[in-house]
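Put the complex together from the two separate chains, hints included.
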Amino acid sequence: MKVLWQIGILFAVCLLGEGISLLLPFPFPASVIAMIILLLLMLTKRLKAEKLKETSDFFLGIMSFLFIPAGVGIINVYDSIKGHILPLLVICILTTIITFGVTSFAVRFFIRLQERLSKPKGGKQP
Amino acid sequence: MKEFLSSPFFGIVVSIIAFRIGVLIQKISKTPVANPLLISIALIIVFIKTFNISYEDYNVGGQIISTMLVPATAILAVSIYNQAAVLKKYFIPAVAGCFVGSLTAIVSIVLMCRAFGLDEALTASLMPKSVTTAIAIGISEQHGGLVPVTVAAVIVTGVFGAVFAPLLVKLFRIKDPVTTGISIGTSSHVGGTSTAITMGEIEGAMSSIAIGIAGLITTFLSVFF
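If you read the sequences in order, they're chains A and B. Using my numbering, the first residue of the first sequence is number 1, and each one after it goes up by one. Using my numbering, the first residue of the second sequence is number 127, and each one after it goes up by one.
By construction, these hints were calculated from the structure, which means they are not laboratory data. Note that the coordinates shown come from a computational prediction; the quantities given were computed from them, not determined experimentally. Watch out, some of these pointers could steer you wrong.
Unchecked claim - Per label pair, the in silico range of CB-to-CB distance: (1) A:Leu94 to B:Glu267: 16 to 26 angstroms; (2) A:Lys2 to B:Arg240: 49 to 59 angstroms; (3) B:Lys128 to A:Gly83: 40 to 50 angstroms; (4) B:Ile142 to A:Leu117: 46 to 56 angstroms; (5) A:Lys119 to B:Lys156: 19 to 29 angstroms; (6) B:Gln189 to A:Leu4: 14 to 24 angstroms; (7) A:Leu117 to B:Leu297: 38 to 48 angstroms; (8) A:His84 to B:Lys215: 20 to 30 angstroms; (9) A:Thr44 to B:Pro134: 32 to 42 angstroms; (10) B:Asp245 to A:Leu4: 45 to 55 angstroms; (11) B:Leu297 to A:Lys53: 29 to 39 angstroms.
Where a beta carbon is used, it is the ideal one built from N, C-alpha and C, also for glycine.
Same shape as in the complex, but just chain B (with noise of 0.2 angstroms):
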């Protein structure tokens, strides 16, 4: 039995078939917080939790999953690259709204962080949750954070704009897709950027760039907290 659960097979097939009937009751309900990354996270744990699976074993396979994030990340490229006439016309723009972003998602988490008591490690893990896993991890390390409750905030904050997005569009009322691409990247790295490449290919691209754009920014003002 453990050779048949820590097979590679197992979590690729267990992750497939929790997408899938994510993918369906989203079908079935047509709400946006029946999100089906957001429902496949759930199962999964559900079932890995009720049957005694451990993690380890489930992550055999959830890693190959997770290591082709590197390539999904890098070939966003194509898209900014058919969308390149729209980012020279608003290149200023973009990179503006990154950096003013940027720095709004570290001073609000060092307030709140401050505001909730949680202690400085706690505070560093978050700080950087904003951008991609890979720049947060660094950053995390650098000013002493746990680097596990780093990667859970920049999960839960991807997974939050991937199913949150649309409606927050709404909310702030915004009308071009080059602040919706822009904002979604800024607040909510590749997990946003998953959703915005649904809603159009500006945005997907924009979304795309402000990834690399505020994962750089963010890198550099760490450095004065």
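This is chain A alone, in the form it adopts within the complex (with noise of 0.2 angstroms):
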């Protein structure tokens, strides 16, 4: 029964999650929605962590297979992007490169600033 408890409060939180989603009037998805609910329970103690490991543990071991259906649905736009395979597949490749690269640099570079304002006041170690 456990489980199926877990799953209960997962469900219900997405359930939530899609309310606030269709309420708000930009598009921003239900499941980042429903992450930020149930953060925000486990922050304010109204929900602890450990009551949600199986589940937690579960849909993180087969999160890459639930990509499935939508990796196979590309032969559904297979027509409309026929003569442009090539460049946009390159394009998709070399951005991800790209904003991986330049993300990395941003974050150690703010992490070194990070440190080294802190370090007058409190001596933090990195």
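See below:
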């Protein structure tokens, strides 16, 4: 029964997320809203993280599996991108690498900046 | 036969078998390119094309699997909560990194689409491809993009991130888990995150939080393009 209650809580939060998503004036996914609600519930100690452990482990383990049907759905758009497949693929891949690289440099830069700024006050170790 | 193929169990069983084969191939070959997700997608496409099964039939069960992405994304909150101390310490670098990364994604996509001479509709379809599907669809629609193309671009990006994230970490010589997680989540959303969670708890948590932050930032930034 334990896992059933966990799934119950999780799906209820997802439903709440769907509801809020419908009310927002801009597009924002129900899944991320549900993620924020769950996080708030745990941070305010209304929900214990251990109470979701089994369900959390299960979903983390099958995460990449869940993308299969969406990936197979690519065959549906084949006709509308037929003449552009190569450039589209190149753009998708190159921009992902560029974004990854620039993000990594930015995060490292800001971590270093933060450490330098916080040193005179408390001397935090990196 | 039609009733058999359009049973929800059909799509689910086919997906599980394909994934099982993918995992086996990866175990035997031991290369990151032999990614179970990539292999199973290819196997299923070949399978349904060969036996003339319609995507709609497969997707009766596929839809159920896709729906589970919502709770799977939501429950990433548990990973984030478990790493709340790390997130608190690196909150500013995380948000700043997501901002710079999201801006880079949009600008590089728009510039490359122009370079390849793609029209406005295709450019608008690709622009939000680094963020998670639901946000990307909304942005694409607002800018006159083709939603199915956006979904395909988001998937390609996610699968690419899932497969190549470990290689990119090496390429850019990233040593710390916070940078790794934020870079994966910002560049390849939930797809990349599915790999980040296998790299470590902090990587997974940071990648998860980046999905949300980058999604929000991209929504607002796209207004200016």
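Exercise for review: May I ask which of the numbered hints given earlier this structure violates, with the numbers listed in increasing order?
Suggested key: Those not satisfied are hints 3, 5, 7 and 8.
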